[in-house]
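Protein sequences appear in the order of chains A and B. Oh and the first sequence: position 28 is 28 in the working numbering, straight run, nothing missing. Oh and the second sequence: position 101 is 101 in the working numbering, straight run, nothing missing.
It should be emphasised that the hints constitute simulated quantities derived from the structure, not laboratory data. None of the hints are false.
Keeping only pairs whose Cα atoms sit at most 27 Å apart, straight-line, the calculated DSSO-like set for lysine-lysine is: (1) B/Lys41 with A/Lys61; (2) A/Lys98 with B/Lys55; (3) A/Lys110 with B/Lys41; (4) A/Lys49 with A/Lys68; (5) A/Lys49 with B/Lys41; (6) A/Lys61 with A/Lys110; (7) A/Lys98 with B/Lys20; (8) B/Lys41 with B/Lys20; (9) A/Lys98 with B/Lys66; (10) A/Lys98 with B/Lys64; (11) B/Lys64 with B/Lys20; (12) A/Lys98 with B/Lys41.
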Amino acid sequence: AQSVTQPDIHITVSEGASLELRCNYSYGATPYLFWYVQSPGQGLQLLLKYFSGDTLVQGIKGFEAEFKRSQSSFNLRKPSVHWSDAAEYFCGSSNTGKLIFGQGTTLQVKP
Amino acid sequence: GAVVSQHPSRVICKSGTSVKIECRSLDFQATTMFWYRQFPKQSLMLMATSNEGSKATYEQGVEKDKFLINHASLTLSTLTVTSAHPEDSSFYICSARTSGAYTEAFFGQGTRLTVV
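Chain B with its partners taken away, still in its complex shape (with noise of 0.2 Å):
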């Protein structure tokens, strides 16, 4: 299958610093990219779905100016989380497909943020 790349796996930063996260689809064109939060032991969160060149639309009760997403281009999307804080330590996960709400979405590996 295709590859999503997911970088970096692990990150600890102090609280009020901004942390990016990297999602780039290796071997195919990511028309779409959604970025999903998971909390130990809980389901996959979506927080945002972001299309290429577009404004990424974020689900109810996620802060647009606290994570911020940028879909440049067709391999390559951004999460950044600003002023972070103990709180959005978590597991961020990046899934990227081709268009097609029927084709099979790839996932990076996801990333552990530590917000110290």
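The following block holds chain A by itself, in its conformation from the complex (with noise of 0.2 Å):
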């Protein structure tokens, strides 16, 4: 069966630092797998995702993602992290014809 763990329930970064969340998944073959952010009461919208070839995806909003099979990981990560980038995120995966979910990292921004 397909599973996603997201081990950082919140973290919190000053502005400028570098960010990187973290993604673990469990799947037999190669996996689909999605990051998705969601912002106070809005819907989830994609940041990049990952099915195949270059393991080192580019997103929207300077993320990107490094899928590495032999730690069974899909990263999420910003060189510089943006006020604005305070939301929640969201590592997905879909394989088995359904889209699941890890629990979620709340990112908290410093001034």
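Take each chain as given, in its own frame, and dock them per the hints.
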């Protein structure tokens, strides 16, 4: 069965600092992986996705993620965080016909 | 990106009544739609997956007789919460995508249901 785990429930970073949000997946074959962001009171927006090819994926808003099969991970990164990046981030997997998500990570950005 | 419209955005209903939430894909054909429930400060819990013209596949623990899902066309899916109770109060979000597990799913803005 597929599953997604986001180990960090809450992360606080200073504006301008780098960011890494962790995501681990469980699936036997090559997974289809996504990162979505949810701002307060809004729906989810796709940041990036991976299903094959280059393991380093570039997304919108300066985000990138790297697929590492050996570590079953798909961590999201950003070199310099902006205050507007404060939001809820969800890592998702879609392999068995359904799209499931990890627990989510709340990102707080300090001035 | 494609647009998914979810209506209503907020609804308050009395305990024991039913409420219907609509999810429409405005500019693409949604072969698959997902319904999620989100509790405060918590993740999106997948309730069911529906494919156009087929019965919805419910996740374990989700009462199919309570949460009726219909996906009668390629642009519309509905979730009906029947005989609502206060514990059904939550944020419900729909998502839609075209065929292919690797394709992007587009999300509605969500519906805040309050049962009083």
